[in-house]
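Student: Residue-level listing of the chains:
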Amino acid sequence: GAVVSQHPSWVICKSGTSVKIECRSLDFQATTMFWYRQFPKQSLMLMATSNEGSKATYEQGVEKDKFLINHASLTLSTLTVTSAHPEDSSFYICSARSRGPNTGELFFGEGSRLTVL
Amino acid sequence: GEDVEQSLFLSVREGDSSVINCTYTDSSSTYLYWYKQEPGAGLQLLTYIFSNMDMKQDQRLTVLLNKKDKHLSLRIADTQTGDSAIYFCAEAQRNTPLVFGKGTRLSVIA
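Protein sequences appear in the order of chains A and B.
Okay, so the first sequence: first residue is 1 according to my numbering, each after it adds one.
Okay, so the second sequence: first residue is 1 according to my numbering, each after it adds one.
There's no promise every hint is true.
To be verified - Pulled a few chain B residues facing chain A out of the computed Cβ check, cut under 7 Å:
no., residue
1, G42
2, L43
3, P97
4, K102
5, G103
Claimed, not checked - Below are the DSS-like pairs computed for lysine-lysine, each with C-alpha atoms no more than 30 Å apart in a straight line:
no., chain 1, residue 1, chain 2, residue 2
6, A, K20, A, K66
7, A, K14, A, K55
8, A, K20, B, K102
9, B, K102, A, K55
10, A, K41, B, K70
11, B, K67, A, K41
12, A, K66, B, K102
13, A, K64, B, K102
14, B, K36, B, K102
15, B, K36, A, K41
16, B, K56, A, K41
Don't read these hints as lab results, they were simulated from the structure.
By construction, the Cβ of each residue, glycine as well, lies at the ideal position given by its N, Cα and C atoms.
Sequences and hints are given; from them, build the entire structure.
Tutor: As structure tokens, then:
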């Protein structure tokens, strides 16, 4: 099946630094990628929808200046957590939908666990 | 907005069948999904069903959809200890992001 790769899987950073997480569709083109955040023992919260070549659409309550999303190509989207703080520590998961009007499958990356000290 | 509800916990004995239930509110949902999440890992797509279907079977997994009641279920036959995980139900229309339930934690007792 289709593969979505996230990198890094784990990252620990100091408060105030910025962290970039990459999401790649390895064997298909993804016109749309979604970024989710998951708190411990909770469900996934949609942060933003990323469309190739255009600005991301952020969900209510998600700071777009804090969580910068770039979807530069049909196979890559990046999430940059700027000036990270401990409350940004979380599990971030991306998903990608392949091109084509009839596909319903959404493929998820393995997630990136961010710990901010 | 759309809402997806699941029971939070389910405990079954090894070898028994597990049935995880889910209800959703969006009548225009086109796709309904079941994902599995093991500790510390991302989401693994188990199966999905189109809203114009009422059943889908894939090896040990059977998905039943009652569109009238907006009720989705996942049955795992011959449940094994490796099936212990959190199972998320999700719904979406064709080009919208998924809306997830809170997940059902399945514990399999040996």
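Student: Would you mind marking each hint as holding or not holding in the structure?
Tutor: Right, here's what the structure says about each hint:
1. G42: B:G42 check passes; min Cβ-Cβ to chain A is 4 Å, inside 7 Å.
2. L43: holds, 4 Å
3. P97: This interface hint holds because 5 Å falls under the 7 Å limit.
4. K102: holds, 4 Å
5. G103: Status holds, d = 6 Å.
6. A:K20 to A:K66: Given that 30 Å is the threshold and the Cα spacing comes to 12 Å, the pair holds.
7. A:K14 to A:K55: holds, 28 Å
8. A:K20 to B:K102: holds, 27 Å
9. B:K102 to A:K55: OK: B:K102 and A:K55 at ~29 Å, within 30 Å.
10. A:K41 to B:K70: Satisfied, since the Cα-Cα distance of roughly 25 Å is no more than 30 Å.
11. B:K67 to A:K41: Distance ~29 Å between B:K67 and A:K41 Cα, so the pair holds.
12. A:K66 to B:K102: holds, 25 Å
13. A:K64 to B:K102: holds, 25 Å
14. B:K36 to B:K102: This hinted pair holds, its Cα atoms lying about 12 Å apart.
15. B:K36 to A:K41: holds, 14 Å
16. B:K56 to A:K41: holds, 29 Å
Checked against the numbered hints given earlier, this structure breaks none of them.
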